[in-house]
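Enquirer: Could you build all of it, start to finish, from the sequences and the hints given here?
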Amino acid sequence: MSNNKLLLLGDEAIAQGAIDGGLSGVYAYPGTPSTEIMEYVQGSKQAAELNIHRQWSANEKTAMEAAIGMSYAGKRAMVCFKHVGLNVAADAFINASITGVNGGLIVVSADDPSMHSSQNEQDSRFYGKFSMIPILEPANQQEAYDMAYFGFELSERLNVPVLLRITTRLAHSRSGVQRKTIKPQNELRLPSDPRQFVLLPSIARKNYKKLLVSQTAMELEAEKSAFNELIEGTDKSMGIITTGIAYNYLIENYPEHKCPYPVLKIGQYPIPRKQVEELYNSCDKLLILEEGYPIVEEMLKGYLNVGKPILGRLDGTLPRDGELNPNIVAKALGMEVVEGQPVPDVVKNRPPSLCQGCGHRDVYADLNEALKEYGTGRVFSDIGCYTLGALPPFNAINSCVDMGASITMAKGAADAGLVPAVAVIGDSTFTHSGMTGLLDAVIENSPITVIISDNSTTGMTGGQHSSATGRIVDICKGIGVHPDHIRVVTPLRKNHEENVKIIKEELAYNGVSVIIPQRECIQTFARRKKAEKKQANK
Amino acid sequence: MKNDIILAGVGGQGILSIAAAIGLAAVNSNMYIKQAEVHGMSQRGGDVQSHLRISDKPIASDLIPAGKADMIISVEPMEGLRYLPFLGENGWLVTNITPFNNIPDYPEADALMAKIKEVKNHIAIDADALAKEAGSSRASNIVMLGAASLFLDIPFEKIEEGIRQLFGRKGDEIVELNLKALRMGREFSEKNR
Ligand code: SF4
Chain A
1 MSNNKLLLLG
11 DEAIAQGAID
21 GGLSGVYAYP
31 GTPSTEIMEY
41 VQGSKQAAEL
51 NIHRQWSANE
61 KTAMEAAIGM
71 SYAGKRAMVC
81 FKHVGLNVAA
91 DAFINASITG
101 VNGGLIVVSA
111 DDPSMHSSQN
121 EQDSRFYGKF
131 SMIPILEPAN
141 QQEAYDMAYF
151 GFELSERLNV
161 PVLLRITTRL
171 AHSRSGVQRK
181 TIKPQNELRL
191 PSDPRQFVLL
201 PSIARKNYKK
211 LLVSQTAMEL
221 EAEKSAFNEL
231 IEGTDKSMGI
241 ITTGIAYNYL
251 IENYPEHKCP
261 YPVLKIGQYP
271 IPRKQVEELY
281 NSCDKLLILE
291 EGYPIVEEML
301 KGYLNVGKPI
311 LGRLDGTLPR
321 DGELNPNIVA
331 KALGMEVVEG
341 QPVPDVVKNR
351 PPSLCQGCGH
361 RDVYADLNEA
371 LKEYGTGRVF
381 SDIGCYTLGA
391 LPPFNAINSC
401 VDMGASITMA
411 KGAADAGLVP
421 AVAVIGDSTF
431 THSGMTGLLD
441 AVIENSPITV
451 IISDNSTTGM
461 TGGQHSSATG
471 RIVDICKGIG
481 VHPDHIRVVT
491 PLRKNHEENV
501 KIIKEELAYN
511 GVSVIIPQRE
521 CIQTFARRKK
531 AEKKQANK
Chain B
1001 MKNDIILAGV
1011 GGQGILSIAA
1021 AIGLAAVNSN
1031 MYIKQAEVHG
1041 MSQRGGDVQS
1051 HLRISDKPIA
1061 SDLIPAGKAD
1071 MIISVEPMEG
1081 LRYLPFLGEN
1091 GWLVTNITPF
1101 NNIPDYPEAD
1111 ALMAKIKEVK
1121 NHIAIDADAL
1131 AKEAGSSRAS
1141 NIVMLGAASL
1151 FLDIPFEKIE
1161 EGIRQLFGRK
1171 GDEIVELNLK
1181 ALRMGREFSE
1191 KNR
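Chains A and B, in that order, are what the protein sequence lines are.
In terms of the numbering used here, the first sequence is residues 1 to 538.
In terms of the numbering used here, the second sequence is residues 1001 to 1193.
Just to be clear, a hint being listed does not mean it is correct.
Unchecked claim - As a list, the in silico BS3-like pairs of lysine-lysine whose alpha-carbon atoms are at most 27 Å apart:
hint	chain 1	residue 1	chain 2	residue 2
1	A	Lys45	A	Lys534
2	A	Lys308	A	Lys129
3	A	Lys5	B	Lys1057
4	A	Lys308	A	Lys236
5	B	Lys1191	B	Lys1117
6	B	Lys1158	B	Lys1170
7	B	Lys1170	A	Lys533
8	B	Lys1057	A	Lys180
9	A	Lys331	B	Lys1057
10	B	Lys1117	B	Lys1002
11	A	Lys534	B	Lys1132
12	B	Lys1132	A	Lys530
13	A	Lys348	B	Lys1117
14	A	Lys504	A	Lys477
15	B	Lys1170	A	Lys534
16	B	Lys1057	A	Lys258
17	A	Lys45	A	Lys180
18	B	Lys1170	A	Lys538
19	B	Lys1002	A	Lys5
20	A	Lys372	A	Lys501
21	A	Lys5	B	Lys1158
22	B	Lys1132	B	Lys1170
23	B	Lys1191	B	Lys1120
24	A	Lys5	B	Lys1170
25	A	Lys285	A	Lys274
26	B	Lys1170	A	Lys529
27	B	Lys1002	A	Lys331
28	A	Lys210	A	Lys224
29	B	Lys1180	A	Lys534
30	B	Lys1120	A	Lys348
31	A	Lys209	A	Lys224
32	B	Lys1170	A	Lys530
33	A	Lys258	A	Lys5
34	A	Lys529	B	Lys1132
35	B	Lys1170	A	Lys45
36	A	Lys533	B	Lys1132
37	A	Lys258	B	Lys1002
38	B	Lys1180	A	Lys530
To be clear, the hints were calculated from the coordinates, so they are not data collected in a lab.
Note that the structure is predicted; figures quoted are calculated from it, not measured.
Expert: As structure tokens, this is what we get:
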């Protein structure tokens, strides 16, 4: 490997590829395993010099829409989030395939099979198919770079957004990446068709027909794409189709990485029909290796499963859920797998937990105490560090469904008669998708107590900027919460008695109250202090 | 040649610095490298691991297959044992013996030592004590790197160079301290292999 290569995470390779490919702006909301894409662009000197837009958005939908706006203006834009973030952005995302693009638009969705850090393991390729746009799925860090680099061109050529799908393993794995020459950014330029982005039914119908017609072009692009490769093999008793990173797990099992079976390595969708047919016709059966859902497998198998055997996740050749790895693939190939020694019994689980000294700890101590007289089972939580309050020693929360669901679920439970009902949400999540739910509650004056545990950051993903910082009280007032029932407290052990008293008062109030425990995340606090000290010493 | 290494520890213990130092050394030696690591949820005091692969030939998988790792480097005694299913028959377990105890049912030190000793090739080192001796207990991960370096197919000078690169921005003093920690770990392995 030559020394002029950069050593990059898959996420970072995407960021660098986009920057070199003429990116003008990236929009994102943090979420594992996608966070490092934006962080890389934010830390990049090159991006600063090129004046690339690179601020976190309030949520994935606002990010997606801003990216569409930048594309409208003719510039190349990228939007990044994790798979469940695509659900939040879905409304805009699906419609973006109908508006089409002006400047190239890449949507990066980072999937998390095996749920290392997620609530589900949904496969973003479904969304790509749903939206009828091309999907790019890299097998390694170099392809991640190349796909981001070429993705804009592809998007502009086909006049649709391109979905770049990556999974946790590649997102968070580092390897050498060779850069390409830097492309200039697009000039500001309005769409040639002034109605392209106006999705009134009559126009949308026309655009949709265009999208349908261009499916053929997308398939042709996929068939001649360098990211789709039919690799010869001598043993035709089986043909193998891999998508994305699964290819690596396959060839890991063979000396010199030479697989005896013919392999179709897919990196660009729609699935290249020509190559698939060629493989199918030349082999006795097919094995499908894909990370995530059995999407390719289901498509090829069809409902009646006629013709040659097609093996994969559906028939149990591979597990139906979870991430792939070399051993799982080896077993599917009928190879023997040697494992080292078993894990000794002395090894205990070590679950993640709230940092020592984290303000959320005090919030839960206060809340548990205040709720004692009502019993357990009334606390609806949201997604962030504070979700760890579900674990011992707190056992303080009873739900974690999606971003924003705490307030709305508490409202629904209160509607059902569960009074008091409590929502716990963080400051970043509150602006992400809690505000609208609070408005619902205010309109009906629902008897709920909302605790916005404000640590002035997006803690879970490592301390990114939170749109809510310094604004929460005003936002709550603006939404219409009665000022007497907006209570700001400091979650510290010495304030325990007082905070319990305040929470109890608000639990007893028959309407919407908001309690805002405010104390900065100790991780960002420590980092800030260190940086300040460094600054002072200069 | 290839070195497949599992790095094990608890979030915040500095295993990624070990990975970075080896990574730099490997790149400076013109080798291929892949390094997969865990981010996010599991970093809040939970167990973390990184798969680090270096080779003179292109590397396929970002994950090391079970039973094929050449080494486990663990900055804490229990975490190394967690990944034994990955360790190859002749692989080395290089582990710190100072526990990181943040759970209620953390095992007894003797029980852990007994299991470590059952591994054919192992180095058990009090990296925290050596790091203190070198000048800062925070360098215990670099002591571990030094201890492991004996079993890596990378010249020791390249690893020293990696340390210089990694800590260069923090000033000469920090660089020297970490080089000292590195050498102390290396010496320990030489004597106790
Ligand atoms: S990162 Fe911050 S918010 Fe998260 S647990 Fe630690 S101190 Fe609390």
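Enquirer: When the structure is checked against the list of hints, which entries are broken? Sort them ascending.
Expert: none
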